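Taken in sequence, the protein lines are chains Y and L.
Take 1 as the starting number for the first sequence in the working numbering and just add one per residue.
Take 1001 as the starting number for the second sequence in the working numbering and just add one per residue.
Be aware that a few hints might be false.
[Stated by the list, open to error] Where chain Y lies over chain L, by a calculated footprint (3+ residues, C-beta under 8 Å): (1) 1068 to 1074; (2) 1078 to 1085; (3) 1088 to 1099; (4) 1262 to 1273.
Hints are computed from structural coordinates only; laboratory data are not their basis.
Everything numeric in this text was worked out from a predicted model, so none of it was measured.
Note that CB positions come from ideal geometry on N, CA and C, so glycine has one too.
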Amino acid sequence: MLKFRKGATLAIGVATGALVLAACGGSSSDGGDSSSSSSGGDSSSSSSSSDSSAPTPDDGQAGGTLSILTSAEQLLSLDPQVIYTGEDLAFLGATIMRSLTAYQVAPGDTEGTTLVPDMATDTGTVSNEGKTWSFTLRDGITWEDGSPVTCQDVAYGTSRQFDTGLAEGGPVYGVSYLDIPVDEEGNSAYAGPADGTGQELFDKAVTCDGNTITFNLNQPVPDFNYAVTLGFSAVPAGMATGEEYANKPMSNGPYKIAEYSKGAGGKLVLVRNEAWNKDSDPYRLALPDSWVIDFGIEETVGEQRVMQSSGDDAYAMVQSLTTAALPVVFEDPQYESRRIDAFDPYTIYAAVNAEKIPDEKCRQAIGVALDRDALLLNAGGTYAGELADGVVKPNIGIDYAPTGLWDGLLGQPVPGTGDPEFAKKLLAEGNNCPTEITVDYGQTEDNDKAVAIWVESLARAGITVKPNPIERGQYYGVVFKDGNEIMFGGWGPDWPNASTVIPPLFVQGWNLSKVDDKEFNKQVQAASVELDREKQATMWQELDKIAAQKMWTVPTRFGRDQRLAGTSVGPIFSWAAYGSYPYPIMYAAQ
Amino acid sequence: MSQVVETESRASEADPSDVKGRSLTQIAWGRLRRDKTFIVSTIILAFFLLAAIFAPVITGFLGVDPYSLDPDVLDPAGGKPIGPWGGASWEHPLGVEWGTGRDIFARLIYGLRISLLIAFSATILVVILGTLFGIISGYARGWVDASIGRLMDLILAFPFFLIILALSGTMTQRLTDLGVPEGNASRITYLILVLGIFGWPYLARIVRGEVLSLREREFVESAVSLGASTPRILFREILPNLWAPILVYATLLLPVYVATEAVLSFLGVGVLPPDPSFGAMLGASTQYWTLVPSYLFIPGTLLVIIVVAFNLAGDSVRDALDPKAAKR
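Extracted from the complex, chain Y is given alone in its bound form:
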C-alpha cells in the first residue's frame, strides 16, 4: 500500500479523501469508462519498452539543479522507517536513502518494476523453503560522515519498525514477517530498540555475519526481497532512537541535506554528499549537483511556472496537474515532450462494510446500481483512468487477469452507468437488504460531487444514500473506528505482487470492508506462502475474482496520473514502480 497522498493536491479529481496524511487509501471519486486503455495524451509509461536498461550517464548532462514545486508544506517524514508515499520513497531513495534492493529505473510496466540490487550485491538469497533471506552488502558504502554502513546499521534500521510510537503509519513488513512471537492481541514481543524489551528475540531473527545480513521469517515469504525496499533502510546503529531523527537523517546516498525548512516558502535543499562512493553504487546516476523542493507553492502557480518554463523554471517540475490545466497541457503540442500521462499505482474503490451488510446479494445490488461512468467522468474522464473490475490493477503485472465482474460474473453484464432493474432484483433476492445506507468520504469538492452521483444512481434502485463528509485529515482514523456502510478508499500495491493488495484489503491491515471470511483467509494464506510465482499469480487472480464477486468493495477506477516538467528536465517518463518521476537517473540539460 503505497500511501495515497495525491489527494492533497487534488490532481484530477483523483481526489482522495486522504489529505496529506492519509494513508494509502484515498477516498475518491471514481468511475469509469470501459473504453480503451491509454487515454488522452501520451502515455509514457505504458508505451515504449525498447530501452530497458538504465540509460548510460552522459557527462554533458551532469551538474545543475533540479527543483520540484509542490503545494505540500513539508515532506511527511524523512525517517526511513516512516516514509511511505510512493513519491517520497522514489525521491528520497534516489537521493539520501539507500536500500538493500531497488527497482530498475526504466520506462515500461515490467522494466520499471524489475528488482535490482542496491546496497546488496544481488537481490537476495532465499533458503529454508522461503523462510530465510540473506543479503550481502557491497564494499565501500559510507554514511555522510565517512563511516562505513554496516550490517548492524541495516539491522538497527529494521529494528526501529518495532517501535510502535515511532513507526506508526510507516511500512512495518518486518513486524509482520520476522520470526518474533506475538501475544494474543497481536503485539510483538519485541518493543523496538529504544524500549529494548525482547531485544534477544530480534537479534535471533535478524543476524549479521560480516557483511551478510540474514532475516529469519515466521512463514515463507517468496517476495521478501521486494519488501526490503521500504522500511528496511539502514540507520546508524545506536543513534536516532526517536522521532528527532526525522529532522536530520544521516545520508548514505549521493546527496545530503543542506537545508530543510517547512511551510510556505520553505525548502528542502540537497547537495552532493562528498563521502558517497560511486563505485559502491551502480544504481544511481546522481547527475545534478543539487536538488531543491520548494514547499507551499500553490498548485495553479506551480503548474503555470512549469508551463512557461522560463529561467530557472526550465529545471522545475510538478508532481500533479489540476483538472483545469489538463486540457491546456494535453491539447498543446509544445508540451508533448515534457508531459506524462500514465497509470498511477492506485485502484479507487468504495469499501462495502461486510459487518453492516453481511448479505452478498445486498452488496452486489449496491455495486450494480452505481453509475460508475458518471464517477469516472467526474474524476476527470479518460484523464482519471478507466473502469476497474477488481482491486488488482493491470499494471501490477502477472497477478492481474480480468475478473469479468461487470461482464457476467454477477449473473448478467452490468453497464458502466449501472443497472437499476438488476439491482432491484438482487435486493429482492437478498436477505434483509438495507434501503438506507450512509457513505463516508473525506470532504473535497470532487468527493462532494462524487457522493451526489451515489445519491442519484442508487435512488434509481430505491436505495437512499446519506452522505457523511469527514474532514480529510481525520478520515481514515474515523472510518477505521466506526465506518458506515460505504467508505471511499484508494490503494496501491507496495511492490508488484498482489500479496500487497489482497491480504491488506480483505484480511488484515487496511481492511476497511471489515471482511472476516475464514475460507477466503485460508486461500489467501496459501497464496501468500506459494513459492512458485506463476502458480501464485493464478491464485491471486482467482482471489481477486472472488473478492470482486462478493463485492466487499465496489471497484470503480484504475487511476491515471498526469504531470509536467520544465524544458530542461530529463528524462521524462513515469517510473512504474512508484508512479513517479525516474529520480535516480534524472538530469538538468545544460
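Dock chain L against chain Y, hints included.
The following block gives chain L in isolation, referenced to the frame of chain Y:
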C-alpha cells in the same frame, strides 16, 4: 403600530386641517416611496425572494433540476462541459457543472432558497433574543442588567467561527438525537441556532441603550404611576418605540448572514451534498475558473447583487426612520 404614536395619529385624524401631524410611519413611508434606490433594491430583492420560493415551479417550467446528471454535455476526456460559458444552451441556460453535468441555473435558485431560509430565520432569532434581552436589561437595572451585560460580553468574546466549525459535527448529532430530522434539516437548524445565539448581543446592546433613555420619558413614568405591570410597560409602552432601530438592524443583518452562510458552506459546514449552496458552488469554482469563469462569476455576482440590494434597502430604511435626517 406603536401605542404612543398611534395616539398621536388619531389626534391628527381628528383634526384634518393639521397637515403636519403625520406619524413617524407615514413620514418614513413617504420618504421611502420617493427613494429610487430603495425602490430598485426592493424590486430586486422581491424578485429573488419569489424565485427562491417558487424554485420548483420555475425549474419545472424550464425542464431542469438541480440533481440529475447529464453526461451527454461533457467532454469524455476531462469532464469539461462542451461549449463556451460552461456549456450554456437553451437546455441549460447558465451552463452545467464540470464532471457531473448538473444544471447551474437550477442549483443556483435552489441554493438561493437555502441561503435565504438560513439568513431570514437567523435574523428573526436575533431580533427576538436581542429585543427581549435588551429591553429587560435596559429596564431592570441592578443585578439583572449586570448579569445580562456580562453574558453578552462573554458571548461576544467567543471565537465564533472557530466554535461553529469545531462543534459542527457533535452539535448536529445532538440535534438529531433531540428529534430534528437527520441530514440537512439538523445542519440548517444548527447554523440558524449558532448564528442566532452568537448574533443577538449586538442588537441587545442597541436596544438596551434606547431603553435606558426611553424609561425616563414621561409616558413611561405616567404608566408606572398608573400602576401598569412591568410586562405591560416593557412590551406595550417601550417596545413600540424600538421598532425603528430594530428594523434597521435587521435589514443590515440579513445580507451579513447571506454572506456568512456562503462562507460556512465554502468551509464545509454548510448543507450536505447533493443539495446546492452558494458557498459550495463558489468553492467548487476555484479549480476551474481559469477555463470556465462563469462558475465563479454567476454565483459570485448573484451573491454580490443580493448583499448590495439588502444593504441599500437597509440604508434607505435607516435614513427614512432617522428623525434627524433632512426631510426630502
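Which hints, by number, does the structure contradict? none
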